[in-house]
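Novice: Please take these sequences and the hints and turn them into a complete structure.
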Amino acid sequence: MNLVVAQAATPLFDWDWVTRNLDTILEKTLEHLQLTGVALGLGLLLSVLLAAVSIWKARAYKPIAAFTGALYTIPSLAVFALVAPIIGIGTPSQKFWTAEVALVSYTLLILVRNIVTGIQGVPAGVSEAARGMGYQEGGLLARIEVPIAIPAIIAGVRIAAVTVIGLVTVTSLLGLGGLGFFILDGLRRSIIFPTEIIVGVVLSVGLAAVIDLGLLMLGRSLTPWMRAQGR
Amino acid sequence: MIRLEGVSKHYPGAALPAVDRLTLDVRRGEFVTLVGPSGCGKTTTLKMINRIIEPTGGSIFVDGVDALSVPAHELRRSIGYVIQQIGLFPHRTIAQNIGTVPGLLGWDQARTQDRIADLIDVVGLEPEMLDRYPAELSGGQQQRVGVARALAADPPVLLMDEPFGAVDPIVRGHLQREFLDLQRKLGKTVVFVTHDIDEAIFLGTRIAMLNTGGILEQYDTPEAILSEPVNQFVEDFLGGERGLKRLALLPISSAEMVRGPMIDRTGSRDDAERIMAEHSVDWVGILDGKKLLGWVDRRDLVSPDLNGVEPRPFAVSLSPNSSLREALDAVVTGHARIAVVVEDGEYKGMLDLESISEEITE
Numbered sequence: 251m252n253l254v255v256a257q258a259a260t261p262l263f264d265w266d267w268v269t270r271n272l273d274t275i276l277e278k279t280l281e282h283l284q285l286t287g288v289a290l291g292l293g294l295l296l297s298v299l300l301a302a303v304s305i306w307k308a309r310a311y312k313p314i315a316a317f318t319g320a321l322y323t324i325p326s327l328a329v330f331a332l333v334a335p336i337i338g339i340g341t342p343s344q345k346f347w348t349a350e351v352a353l354v355s356y357t358l359l360i361l362v363r364n365i366v367t368g369i370q371g372v373p374a375g376v377s378e379a380a381r382g383m384g385y386q387e388g389g390l391l392a393r394i395e396v397p398i399a400i401p402a403i404i405a406g407v408r409i410a411a412v413t414v415i416g417l418v419t420v421t422s423l424l425g426l427g428g429l430g431f432f433i434l435d436g437l438r439r440s441i442i443f444p445t446e447i448i449v450g451v452v453l454s455v456g457l458a459a460v461i462d463l464g465l466l467m468l469g470r471s472l473t474p475w476m477r478a479q480g481r
Numbered sequence: 002m003i004r005l006e007g008v009s010k011h012y013p014g015a016a017l018p019a020v021d022r023l024t025l026d027v028r029r030g031e032f033v034t035l036v037g038p039s040g041c042g043k044t045t046t047l048k049m050i051n052r053i054i055e056p057t058g059g060s061i062f063v064d065g066v067d068a069l070s071v072p073a074h075e076l077r078r079s080i081g082y083v084i085q086q087i088g089l090f091p092h093r094t095i096a097q098n099i100g101t102v103p104g105l106l107g108w109d110q111a112r113t114q115d116r117i118a119d120l121i122d123v124v125g126l127e128p129e130m131l132d133r134y135p136a137e138l139s140g141g142q143q144q145r146v147g148v149a150r151a152l153a154a155d156p157p158v159l160l161m162d163e164p165f166g167a168v169d170p171i172v173r174g175h176l177q178r179e180f181l182d183l184q185r186k187l188g189k190t191v192v193f194v195t196h197d198i199d200e201a202i203f204l205g206t207r208i209a210m211l212n213t214g215g216i217l218e219q220y221d222t223p224e225a226i227l228s229e230p231v232n233q234f235v236e237d238f239l240g241g242e243r244g245l246k247r248l249a250l251l252p253i254s255s256a257e258m259v260r261g262p263m264i265d266r267t268g269s270r271d272d273a274e275r276i277m278a279e280h281s282v283d284w285v286g287i288l289d290g291k292k293l294l295g296w297v298d299r300r301d302l303v304s305p306d307l308n309g310v311e312p313r314p315f316a317v318s319l320s321p322n323s324s325l326r327e328a329l330d331a332v333v334t335g336h337a338r339i340a341v342v343v344e345d346g347e348y349k350g351m352l353d354l355e356s357i358s359e360e361i362t363e
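So the protein sequences, as listed, match chains Y and E.
For the first sequence, my numbering gives the first residue as 251, with consecutive numbering after it.
For the second sequence, my numbering gives the first residue as 2, with consecutive numbering after it.
Don't take each hint at face value.
Beta-carbon label-pair distances, calculated as ranges [stated by the list, open to error]:
#1 E:Gln177 x Y:Pro373: 21 to 31 Å
#2 E:Asp115 x Y:Val460: 46 to 56 Å
#3 Y:Ile305 x E:Glu75: 16 to 26 Å
#4 E:Glu75 x Y:Ala302: 23 to 33 Å
#5 Y:Val455 x E:Asp115: 49 to 59 Å
Just so you know, the hints here were simulated from the structure itself, not pulled from any lab data.
Note that beta-carbon positions come from the ideal geometry of N, C-alpha and C, so glycine has one too.
Specialist: Set out below in structure tokens:
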């Protein structure tokens, strides 16, 4: 009986709340985007360096793969708990970098692996023909091998982006910002407030979908030649 | 043009060298085929010329330049390179693929574009293909682009590693003939690796027969290798039908033709009977001056002169440029057991089994 009253008093989705809190919603969305963007940017930079080392020194790939793999297996909450005492969560900037260290560590396995397998997947005949025509190692990598590996690299970035957007939601548990804030806040009220939870969930899922689609289109525009393969 | 002096390749950990002190001289404009069983070092030898594989001993000269003393990438830009996997760049259009070496050499756009337009024609492809990507072309078309790309900067030397190995036999035959014509026209020096002895014989002006470990067993023209293999290895590798393979290389004009049982249409039946008796046959060829009209059977000769008869055409008539192998084919498949030879409508003579086999045993 109480439940019905409660439902009648607070509808499942309260648009008024959304209008009243538009500023906060925008702020948290931007925070979410910023955390994701910085994590992907740094992750990509580090991964390119690690992949470059793996390609030039083939022996280095196994330890690099093992290390990034190990990072990936640590539960996300545990990573935050491990990094927090080192960097601290006192100031907003400390909170930000605590979150980033954890987020970046999750992108490495996916990105390094996709870059390395993408470049190793370049047919041997293509690389040999390029060498035979007078490409030097740097030019071969930059002009031939990396462009051919673009589809694999973009695929990796897409997985990493979706993973990070999901993880940023979890960072809210430690008061580190992002759309997870709404989910947590909605759950924490004395009576669960569905509107807030729905806003948090829908926006973070929507963000993931939009960014994934954006990356897919970016990949397509970078690889017009891939369309020829299917024909 | 290309000179290998005591060139060796010894892989670390291998008991025997892949190539052992090989010396080989390729003259300007020559088409040298490297042939031998797998493990004979033919591909290793080829790839040492442009240093895709670095030799461990000896010296190599390309166009008078010590190949080991210049940076490998500079050396390679002056040597065309075609491989079995073709290796077109999938992310670049056909035009961009062909323009690869000009791009590396820093040619300006206009010069490169002109060159690309010329080359697409030289290798027999349509200009519409220039804007396509390699995946849109058939295997045979892709290898034509591979050849065009290798020729782009007009290198004096082409290195080819089983370039036609991955296409079907019919296309391979086309590509072989076209490439041979192209090479003769352009006068390029070609070193061509193949494991197919027939391809080596068909294309090569000289054949280098290699044995395991890069031992040069024989280096000579196809005719000389077929008629006088220096040892059992070469003989075995040439395989059966050595005589037929040799006949394929010899033009009909190199054999001695006979006039055969021929009579001018102005002749009489008695003349025809006499000629048939001389040649112990029961047919006679009819000429109109120098023009070959055909042949008639003895039973067709019903009137005292030849005006009323209708000569039947010979099933096959060959030109003096045809090979003796084609002549042999005409002899064994034709009813009359002879091959007639005609040039520009003019009767040249005929070959029979005896005159052809004389060429083999010579």
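Novice: All hints are to be evaluated individually against the structure, with a verdict given for each.
Specialist: Now the hints, each set against the structure:
1. One distance hint, 21 to 31 Å for the beta-carbon pair Gln177 of chain E and Pro373 of chain Y, holds here, with the actual separation near 25 Å.
2. A hinted range of 46 to 56 Å for the beta carbons of Asp115 of chain E and Val460 of chain Y is consistent with their spacing of about 47 Å.
3. Restraint check, Ile305 of chain Y to Glu75 of chain E: a C-beta distance of roughly 24 Å satisfies the suggested window 16 to 26 Å.
4. A beta carbon spacing of about 25 Å between Glu75 of chain E and Ala302 of chain Y agrees with the range 23 to 33 Å that was offered as a hint.
5. Hint check: Val455 of chain Y to Asp115 of chain E, Cβ distance near 55 Å, so the stated range 49 to 59 Å holds.
Violated hints are absent here; each numbered hint is respected by the structure.
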